[in-house]
Every structure is written in C-alpha cells, then in structure tokens.
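Line by line, the protein sequences give chains Z and L. Heads up: the first sequence begins at 1 in my numbering, then just goes up one per residue. Heads up: the second sequence begins at 1001 in my numbering, then just goes up one per residue.
Quick caveat, the hints were computed from the structure, so don't treat them as lab data. Remember, it's a predicted structure, so these values are computed and weren't measured experimentally. There could be a bad hint or two in this list.
[Unchecked claim] Straight-line distance between alpha carbons at most 25 Å, and here's what the computed SDA-like set of lysine to any residue pairs gives:
(1) Z:K458 x Z:L471
(2) L:K1516 x Z:P25
(3) L:K1328 x Z:H389
(4) L:K1460 x Z:G325
(5) L:K1454 x Z:L471
(6) Z:K95 x Z:A284
(7) Z:K328 x L:A1390
(8) Z:K394 x L:K1460
(9) L:K1458 x Z:N75
Number of protein chains: 2
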Amino acid sequence: MQNIVIIGAVAAGLKAASKARRCDPEARITVIEKGDLISYGACGMPYYIAGDVQNIEDLMKTPVGILRNPNYFKNIKDITVLTQTLATAIDRQAKTVNIKNLTSGTEEIIPYDKLVIATGASAIKPQLPGVDLANIYQLWHPSDAKAIREGLEEKRFKNAVIIGSGLVGMEMADALSKWDISVTVLIRKNQVFRKFLDPEMAGIVSKYVQNSKISLLMSENVVRFTGNTAVEAIETDKRILPADLVILAIGARPNIELAKAAGLVIGPTGAIAVDEEMRTSDPAIYAGGDCVENVNLISGQKVFAPMGSTANKHGRIIGENLCGGHVKFNGILNTVVVKIHNLTVGKTGLTEQDAKQLGYEYITAMVAGHDKPHYMPGAKPITVKLIAHATSGKILGLQAVGEGEVAKRVDIAATALTLGGTIDDLFNIDLSYSPPYNSPIDNVAVAANAVMNKLAGKLKGISSLQAKEKLPSEQTVFLDVRTPDECKQIRLAGCKNIQYIPLGQLRSRLSELNKKDEIVAFCKISLRGYEAEGILEGAGFENVKVMEGGILSWPFACEKE
Amino acid sequence: MQNIVIIGAVAAGLKAASKARRCDPEARITVIEKGDLISYGACGMPYYIAGDVQNIEDLMKTPVGILRNPNYFKNIKDITVLTQTLATAIDRQAKTVNIKNLTSGTEEIIPYDKLVIATGASAIKPQLPGVDLANIYQLWHPSDAKAIREGLEEKRFKNAVIIGSGLVGMEMADALSKWDISVTVLIRKNQVFRKFLDPEMAGIVSKYVQNSKISLLMSENVVRFTGNTAVEAIETDKRILPADLVILAIGARPNIELAKAAGLVIGPTGAIAVDEEMRTSDPAIYAGGDCVENVNLISGQKVFAPMGSTANKHGRIIGENLCGGHVKFNGILNTVVVKIHNLTVGKTGLTEQDAKQLGYEYITAMVAGHDKPHYMPGAKPITVKLIAHATSGKILGLQAVGEGEVAKRVDIAATALTLGGTIDDLFNIDLSYSPPYNSPIDNVAVAANAVMNKLAGKLKGISSLQAKEKLPSEQTVFLDVRTPDECKQIRLAGCKNIQYIPLGQLRSRLSELNKKDEIVAFCKISLRGYEAEGILEGAGFENVKVMEGGILSWPFACEKE
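Put together the whole structure using the sequences plus the hints.
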C-alpha cells in the first residue's frame, strides 16, 4: 500500500488525489493545505465580486450543491485533507514532510512514498510606500473576494483603481464596473493585455473599454499609496488619483520556497522544473499547477503561465503517474479568453510580437466580420488576427476580439495548433454551419483565406498601426469605398489625403485616381477594400494596399456625424 | 483571354466566379441562372419564415445592405450574370453551352474554354396522391419561403405538418412553432435526425422537442394528401391528420441531368463525380456545390451531403483552379449543427452507427455536464458523445446536444478529426478557459477522459438504451446515488429493482448491496455514478456499470414529484 502525500488542495493537488484514488483504491492519500478552504474555483471570484454569483460558497460546491470540504473528500474519495496545516520542510532522504497545524501549533513529521507539490502561485506585491494600507487587495483568496464584495454592498467604495491590465486586472475592472463606482485601470505600458495581444488588437479592446464605464490610464506608474489606515489616494508619476479600493494585479509568481529548500531544480522561469510526466528532479516527487513551469508547444520555450485549466490537466496526469502510469503532458499554447462587458478577447499560440521576437518568418492577416450572417438577429462583429509561418503555412497563433462569438474561433485555432495544422487546413475544416451559429465561410476560414491571398500576392495588407503613420502624408491616398450613407455616420479622422468613391462606382471613376500613387483602400471591414484592390490592380495601379480590419477594427478615434 | 462559363448562380457558382475574377482580371466570366434571384442565403429561409429575419431580400444583401443582383456583380466584379436563363445542353466537343432565355424564349449557343456546373440540388417530391395540392411546399426557393410567411402572417394556416425530420424538417418545425399554430412532424423511422445522431442522442432531442410546441409522430407513413384545391388533411398508415400547410422535407437529390446528358461521369451516390481539384471527367469542366459528391474524410467513402459551407469551399477552389491553380479539396466530415428552440444539436465525423456499419473497432463515451461552471449565470447542460478508434485512440466522431454551447465543441472535434487527432490530444488541447465560457476541464476533455477511463477499464459504461432494457429485470440493481432532495424531484420510471443511497453514505452502507449483483450506478450526470463505481469496485463488487449521461441525458419518461 503506497503512501501518497500532496501539498496543496486547490486545483492540481485535489485533482491528483482524486485520480490517484481511482487508479489505486488501496493507497493512503493525504492532502496538506495551509488555508481553511479547499477546492475553490478561484477563477470565479471576479464573478462573485461582480454580483453574478450570489455566495462565495457556490465556488466550492459541486453542481448539485454539495460543499467540497474535507468531509466530502473523506466520505466519497477516502482522501484525508488536513486544512490549516503548513508543510514546512521536505526531507528527501528520509522521504518525510514536516507539517505544522496552524491552529494548534502542533508539529508532526509524516512519511511519503510519493510526494506531490501543488503549492500554487502568489500575487506579486509591489514594494511601494503605503502598499500595506487597508482596502488594498490582491485577489488571491476567497477571503479577499468576500471583503471586497462586502465593502461594495455597504457602499464603502467610490473610487476603485486597479493596478495592472492583465487577465485578473481587466476581469476585476469589469466586475467592479457593475457597481455604481468609478473604475480606473492604471497601466505601466501603453497597451492593455500586453502579454497576449498585439498592439492593434489591444487598441480595439481599449477603445471598447473606454466607451464603457472603465477609465484606462496608460504609461503611468504608481509612486505611492497614501491614506491614514485605509488607502485614500494613489500618487503616480503623472497625478494624484483618489482611490478607496485598490486591486493589485501586476502578476503572479510561483510558490517555490518549499521545493527550493528541498533542493529541487527550479527552471529558467523561476517555477519548479518538471519533466513531461510532471516529475521534479527527484523521481519520488511530482509537481503541478501554478507552481511549475510549462513548455509552449509552438516555441518550445519554457514559460510560467498559471491557469486553472492547465492545473487540472497536470493533476489528472500526476494522479495517473503516481500509480505507475507514464502519461505525458506536452505543453500549452498560452491560450486565454476573457470577458469585459460584452466584449470577448481571446488568443492562442504566438502573437505577432512573439513570432518576431523568436525570429520566425511569418505572415499575418487581420479580418473583421459578423460572427454569423448579418441578417440573423444578434449577429455581432468580431476581429480575427491570424499569424502563420510564411514558408510552411503552419498556424502560429490567433487572436480574436469582439462582441460576437470569439471563444469558439480561439478553440478551433488551439486545436489546429496542437495538431500542427496549416492555413489550408484551417480554411478547409468542415466546421458546423447553420445561420444561428456562423456564416458558411466561418471567420477563421476568412482569416485563413486572407493569409493565403497575401501569400499569393493577391492581397496586399497594411495594418491599422501602419496606416495610422500614413494619415498625415500627402503622398498616401486613403480610398474609402463605402456608401455615402456609411461615410456620413463615421469616418477616419486626420487623413490628409482621402477620397470617397463607393465601390460600385470605382470602375467608372478610375480617372480620379493616379496609377502611381500609394493607395490605401478600405471600407467597414475591408472586404470591399479588397475588391477595390482587385479593380485597381486589374486597371494597372501599382501601389495599392488594403487596410486590414477596416473601420470596424480601427483602434483610433474616428470622426462621427 | 479565357472564356469562363458557369451554370448556377447561388453559392458555389458565384463564389467560383468571384475567385476566378480575382485570379484573372482579364477573363470573360458569364454565369447562367435559370431563376430570377441569385446569391441568396438559402439556409436563412427558415429564419425568415420564423420571423427572425424581416425581409426575404435581407438574405440576398451584403452586410451593408447592397443587393447582390446582376448589376452588383457587373459593376463590382465585372461578371455577367444572365438570370432566367436555362442551360439546355453542353456540347463538349464544340465546347459550347446551349442557353435559353426563359422570358423571351430566345435560344443561343455560347462558347467556353472552361465550364463550371453548379446546378445544385432539388428537394425530393414523394409521388403520392394529392402531392400537388396547394399549400404543400418544398422549402427550396425564396418564393416558397415568401408564400409560407405570407400565409402565416395572414393567419391562413392552423395545422402545419412537416414530412421528414432531417435538418430542413426540424428547422422548419422550429420556425413554424414560433407562430400560433399547431406543428407536427411526421417521421417514417422511429427517431429524429436518423442520418447523423445515434438513437440515445436523438432521444434527448425528441424528449426536448415534445416538451415544446412540436408534436413528433414516429414510425408513421404518409399515404395520401387530401383536399379540394388546397391540402386539408394527410392520411397516414395510422390516422387522418388535419393539415392546411405541409412542408415536404424528405431529402434532396443532385441536379445532374445536364451533366449526365453531356456524358460526364456520375458517381456512386448519384451526384456528379469530381476529382480532388473539383474537375469532372472532362478536364475542361469543373463542378461544385450541391450537385457533386464529396469524400468523407474519416471513412474515405463517397457521400452526397449538400451543405452551403461546402459549396462555398468548392467555389473558392474551382475559382483558383480555373486560373491554373491546383488547389485540392480533401473532403468533408458530414458536420452539422441545428437549432431547435433553445436546443442545439451538432455532429461531426462518424456516429456510432456509422462506425459499426463500417466495421471499425470503436469505443464510445457519453457525458453530460454544464457548458460552463454551474455557479455562473446562464450555465446550461449539454450531452456529448464521443466515438474513438479502440486501438489507435483516433477520434472518429462527436455528437453534442443541449441548451448550452454545443457548436464550439463540435468544431473543436471537427478540427481534431481533420488533423487526425486522438482522444489524448482532445484531453490535452490548451482550450481557452474562463468561467463565462467553460469549465477548467471542458466538456470535450471530459468526454475524452471518459473514453480513456473506459479503455483503461476504470469506467464500465452502459448506455441509456441498454439500461432501459434492464429496467424490468429483478437481477439488475439500479443504484441512484443522488441526494434525497434530487430523488424527490425526478426519478427513473419503471425500475423493478432500485436502491437509493446518496454517494456520501455509500462507503458506510455497502452491506445493503450484494457483491455479485449487476449494479447500474447513476446520478444526475453520472459523475457521482462513476465515483460509486470506484467505491464499489474498491470494495470487491464484481459487476458494476455506470449509466452514461445520467438522468439528465435519459431519453425516456421519468417519474416526477
């Protein structure tokens, strides 16, 4: 009968325990947890704070409402969970763990045959003056969520400031904006979601967010937090911001102290190094979840990317391998999806920035369009950016943003990326089609088609960022081929040289344009822009480009009626 | 300058024309269309009839509201579309097409260098007495849709009967049920969606549909339609049904007459045979869309599966190849998705029935669960059935049904199928995760996990259909491990031998069960049923099975509080 000890009882730890029990009905399984709560859906906390989820306990219940507490694990899975118990040291020679009951203070040494480290990660706390004032939170434990929600319900907050615009930061901005308070996000760099969106895609998000109740302050650094006992204001390098609720969301770091002290190898990312079977440098010790590093399947690089979905996969694999299995975990795609108001933002694989940095020869296309036929009620636009290898055609990554269905497109790409798919594959996949769900040529296929057209020299694209640079130039003609009605409603702002010729009139009005000029054609989504390119090139124009994504995906200000 | 003639101006034909124009700005492109409308979104007609789409013209407009008529194609793409013009014969020697203007009666012979046949398919009309009475429709042209909608708006119909329960039949049933009339679907066989759902999945659909306003009459054949000038009733082999609106939806057949008369090879399915480059047996003639046969990517078999999404892919490929390209179309997965009320039904690849018929060694798993964490507002159940190759682990097909998000799961599977993915791949894909969209272990990964557990002998499943057979048996113990509250609300009906032991009490109440008995464990979704199997097997029980999908996916009647 083997003795399995697992340190950490949130996602990876309890999943490993459950799987091990299924594989080995005889094993003795003990899970050590320093907190008082276990198996909580940490990712659900923003939705509890927003008020979408009524009780924090809902995050710790099974779908039929049974609380996943130590009793539950004992009765159903015969797993012993010791809460409020800290693992203080691992003796790898003796194969023991020193544990300490945080309530009674009792210390004990427990033996193991196999050990699992699932100690998770912690939010990074910036070492700034005043950071320990009350009402400055890191959303890392249900107790934080409860305190924030309580304060919101009691109307104790007026001005919330979130530091950081990653996933947690933006989810919290969205959650807090559901309450009648001012919400500001302070961002050190000049874009949101810097880690997983290219600037022109991030620009679409910022534009959307700023039209909502959330203010974004970019390229701005916190200097100190001020207040008596509770925070009252934030001093930045640009201004003083009133703030009675602060969320620190500048990132996480893996909890590796125990592993490090035990002499286990820490990887280049600063997280615990594990092999494909989730084994640490000690063959009797596995590790998984937010405390370990992963491999990015596309780049092959080690990455630190804590994610609940990955932690659950780790747990399942560790559980199998604890019982003699040799199941492998190949890696991740750094896939993300996040909802802000009605906007969905998703990404899988590499961004263009990643591809550039890694030295790939790549090609990209950005396309905008409805997520289903425009005639269907509820059809909403989405913008998709696809990055592919320029010679092999292999997909490298996809980003998608919009009020329409985004997650499906990201997951199609994630599946294709996992299996080494090319842009040709992506175009040809027999995706499910019916008007309530998509157009006969799905948005991902349109993106693949655009990449193919670019590779074949039929589509010459220019990104919104590059086009922005050309706005003040006399030499570049911006050719808007939309209808007069559309042009009345909204127009590119700041063009020095713009021409309005509806596409249907273009063939007969070619003489109004000069064949030698640089022409940037566009429309609402630049499908007509692409038609215009075809017409102009067919007529001998030499330097025509299509502004990818059109006005719909233009991340900068526009002139309006 | 090459001369391209295309017969058919709906999906494949006009897509081929547009793509050819892009590839060859010089070509002369003529499209022949026997009808008066072109480029209409035929798949949108049920939503027009339902009233979701206001005007039938919306189906023929671009997203910015421009009508796609012959003028549009002339002005924008320099493509000549001749409507109300019938192609009456092809002379392959002379490379000419005989055409006839249906308004003027004028006949003409036009030459081609390359010809494209995109003549589509027609609805099958059963040769039954009375089938030509008024108000018996085949939903095949916008004029049918207009007539039906008009009759509905004028309240001329009280009793609608749909013959056939395929995609068109069920979409029409849903559309008509939005109006205040009685809607009945007459089905020759004993299940809906017989072509693409296994019986236990179809049972979930029937149960849902019958709880809505739609009546399903199964295993019933039409004998004749009766009435004076308009239909008044349908005589079946079981009864006389009042019917003042009838929709014939028993399938489609390819329009091959022209191709056949020209001596082109017709394939085993009865549709036009084409090679991978969409070329017919005559190298100067291509064909695509609903009139050609496809290859099923999994089975390698030829299939007739008309679908708007496939027609568009054909069109693009034909367009490239008309201009010297050698682009290949590998095949399809017979993927479908359809919405009935709030239920989504989808399928890709092979069903279990297909796999059995083709002689595969296969394994299946059916799992039920919420489409996102149960604590999130709007979380809805879905049932997923996965079919995999038993030795290689390759995915063969997936079916999904439910009020939750289904299309995404089908498309993930379609992508994995296209690229030869296995169940291990499906479990490990780094799908996008966030509580508004899914659970950390997505439903498709849960299904993959269940197949892996079955392969490893850890999960012994029994389908709802097999379990149904055992209900009257004394020898089989149905073990319901739900809570007493859940059992009060709904219970399996007709069990001869049932025991209620909540999962949390199972370890302490093992003595109430006999180790030699056949035990069928289940709960709401059978996740606790699976836990029960583990507990019982750990305690030495020898014949325990889990009822896959649980009560949630039980396609038969239940006892209710």
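Query raised in the report: Which hint numbers doesn't this structure obey?
Result: 5, 8
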